[in-house]
Amino acid sequence: MKTPTTDESVVAAQHTWAVYQCPQGCLHVRLDNLTLTFSGPQFRRLVELLGEAYVRLGVREAVHDIRQH
Numbered sequence: 001m002k003t004p005t006t007d008e009s010v011v012a013a014q015h016t017w018a019v020y021q022c023p024q025g026c027l028h029v030r031l032d033n034l035t036l037t038f039s040g041p042q043f044r045r046l047v048e049l050l051g052e053a054y055v056r057l058g059v060r061e062a063v064h065d066i067r068q069h
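Following my numbering, the residues of the sequence shown are numbered contiguously, the last one being 69.
Since no wrong hints were added, every one of them can be taken at face value.
Between beta-carbon pairs, the in silico distance windows are:
1. 42 with 16: 18 to 28 Å
2. 60 with 22: 35 to 45 Å
3. 54 with 16: 16 to 26 Å
4. 14 with 62: 29 to 39 Å
5. 60 with 15: 27 to 37 Å
These are computed hints drawn from the structure, not numbers from a lab. All residues carry an ideal CB built from backbone N, CA and C; glycine is no exception.
Go ahead and model the full structure; you've got the sequences and the hints to work with.
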């Protein structure tokens, strides 16, 4: 994992949705006015979960589209 910098939080503050790492090493996911804080392993698991869901839902959508034609 890369070295945390305070510059990341400054850049993230300019966006309503952002992911940044604080100097303590926590990963923060900001979605508008909600911020979720994760450890490195927790964040990796979240990314895996979202990736799996994206693939699964994409397959469902593709099957639905094929059945429509």
